[in-house]
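Assemble the complex: chain A is given as a structure, and chain B must be docked to it using the hints.
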Amino acid sequence: MSAMAATGEVAVGGETRGVWRVYRTERRKLASQLATRVLALLCLLGPVAFAAILQAQSASPADTLFGVWAHSSGFAVSLVVLGFAAQWGFPVIAGVLAGDIFSSEDRYGTWKMVLTRSCSRIDVFAGKVLAAATFSLVMVVLAALSSLLAGVLLVGDQPLVGLGGTLLSTGKSLWLVLLSWLICALPMLAFTSLAVLFSIVTRNGIIGVLGPSLVALVMQLLALVGTGTWVHLLLVGAAFNSWNGLFAAHPFYGPFVVSMIVSVLWTAGCLTASWLILRRRDFAGTPVARRAGWAMPVRVVIVSVAVIAFLAVAASWGPPAVTPARLKADITPVFNNLTLLQQRELGRTVPPGYKLQILSNCNRRSGGNTGPGDDWVCTMNVLVPQQGGALPFQVTPVSYDVSVKSNGCYKADAPPSFVGQQMMRVPHGRSVVNPLFTIYGCFNTL
Amino acid sequence: MAAVDARGLVKRFETTVALDEVDLLVEEGEVHGLLGPNGAGKTTLLRLLFGLIMPDAGTIALFGKRVEGPGPLPLDDVAGFVEDPTFYPYLSGRANLELLAELDGGAAAKRVGAVLDQVGLADRSGDRVSGYSTGMRQRLGIASALLRAPKLLLLDEPTSGLDPAGAREIRALVRELCAEGVGVLLSSHQIGEIEDVCDGFTVLRRGKMVWHGTAAELREQAPSSAYLLMTSDDQRALRVAATHAGAVAMPAPNGGLSLTIDDEGLDAYMLALGHADVAVRRLELVVSPLESMFFALTGERAGERGADADAADSVVATR
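Protein chains in written order, with this note's numbering: chain A, 1 to 446; chain B, 1001 to 1319.
Chain A extracted, bound-state conformation (with noise of 0.2 Å):
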């Protein structure tokens, strides 16, 4: 054996070269994993599963954004996976990727062989955090390119109705699609920045696997209530929907801007934190989480429950994200838009431009004038000119029953009575999407 030459080796490894021996080996551990393989292939087969049971039933998943577009435009079954992935997929991934990355060398007591080799702590804790990204960021993409070409070549590249009432063409909806999922790319990494601190912090795989899930659900829950605007913002889990704006008729970019900052602050914030516990912990033994019996857990709950209960009542601080104004103001020309792409899907003729005269009102059912809930009714009062009638208008009546969130989007439903069935049948006997049915809509709550 020649210690020697060994020790030459050894004293060459940088602090840069160390963070990339240990990324290498990160790699090959997950990729060598049931859970990421798995993972991996629901990523890739799931959009294509999705895409494939849409095509054999009628219904469409209509809650969601763009849902009812599902069968019109291959762009629209992507967004559908997107929206689904940002509820649920993306923290799921993230805690599983990411969750057991460190307590798994707790579970197998392995951190002392990995410390004791040519390579830092900070190399260790760097090259860990690289994995799991670079597989977060994978997943990421194997389900945008899987959701996008399912969609495209089991629906079509039809172009897709955005969020304004308008048809974007087929490059201007395959750009933005793209550009959605590119978005969710930082919320991405900021959930996977806490589930490593999970996974630091808690030393135990299970926690560190199901904690971002569980911080997901509770920010959809603080996205229910209250009405204002602060903590909303604060909130990384709604970053997965900051894409949302960029399909209104007026695109607008601030709150994907703050997601953004959000999104980084999170994962900054998250990783420092990490950082710090890792570098001054002791490696001796059994965990001081183990030995603190039901002590730690029981704290840890009546923390979160009390920040929990801070933020919930927090959400009605700052100015109101929803109002009739807000609501009226976008729903107003979407439903204008949308009337006109049903006469022309209809066959008739609407000279460009053509704006119906609508007087609208918004209002909440529960009495309440502002803040997210699926109690408010928008009433469109089309008003058709008369020629020689009593009256100058014939004015036609439209409720909409409008489920609206937080970040001011918003599902709106009419009753069959007043715009016909979901499907309607245009010229040369072809069913199509009735656009007036379901309304889906975002406007800017900044």
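None of these hints come from the bench; they were simulated from the model.
Only a predicted model underlies this, so the values are computations on that prediction, with no experimental measurement involved.
Beta carbons: idealized from backbone N, C-alpha and C, even for Gly.
Check each hint, because a few of them may be wrong.
Stated by the list, open to error - Restraint-style ranges between C-beta atoms, simulated for each label pair:
(1) A/Leu221 - B/Gly1113: 51 to 61 Å
(2) A/Leu221 - B/Lys1065: 45 to 55 Å
(3) A/Gly318 - B/Thr1015: 44 to 54 Å
Using the frame of chain A, we list chain B on its own:
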């Protein structure tokens, strides 16, 4: 330059003082024994040397380089393990070594096959570690340390869990490494396991260093050995012992005599028994001089040595 130069180490875990002003000096190329009963602080000291935990006071220098806090720099020239070596159970022994070699970088990956051969695991290297016995894990632990071709090996009870043949092989391996210039710090709670291979010893008791010196110095200061003696006439053998200075004999609880005597005195006593027409049927070394010294230093009785103490220990323990 000393391979290990640790001074004034103090480590506390909450209210327990695990190490209290402990010094440790290991020269390059030396095989040094770190001795002490369970709970003496051996593993804590090794963890400090590896940078796995930080001392509350004191300094550590490995090959002249200060170990500052939790691993801002990688450990150069040092390898080994503390407590039981642990691996990823879902990977094979070879795959584990390949991962660790990847972490080490350089030519470590090329040594995987050679070190598996060296510890006698080449045939089972494709099996998952979850199916390995304790002894095989110990060997794999040593193999993982050898991957780094270190100048200093820190081994925590490396013969623990090994059968006598396995333990002998490990000791032979240590001697082989020593011949190649590799220094070894061996911790053990049984001096008999490592006394043959060590050049020097540090003895810990309840977190304090109670002895430090060379093996020769330890032997010089060591008291007499303890034997179990079976004769044809124990009563007469006791009377003969009473006439020999330095020989202390008394009936052992399970039969025979318990005899404490040094090497020179033993020769004379055996001859005297012959002259007195007492046949020696069995003479068994129960506690060697170094073991006696170890027990004296650590305040431990032979019967407390652990679960693997053999039946003969009980003879001494009940004296």
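Here is how each hint holds up against the structure:
| no. | hint | verdict |
| --- | --- | --- |
| 1 | A/Leu221 - B/Gly1113: 51 to 61 Å | 56 Å, holds |
| 2 | A/Leu221 - B/Lys1065: 45 to 55 Å | 53 Å, holds |
| 3 | A/Gly318 - B/Thr1015: 44 to 54 Å | 49 Å, holds |
In the structure shown, no violation is registered for any of the earlier numbered hints.
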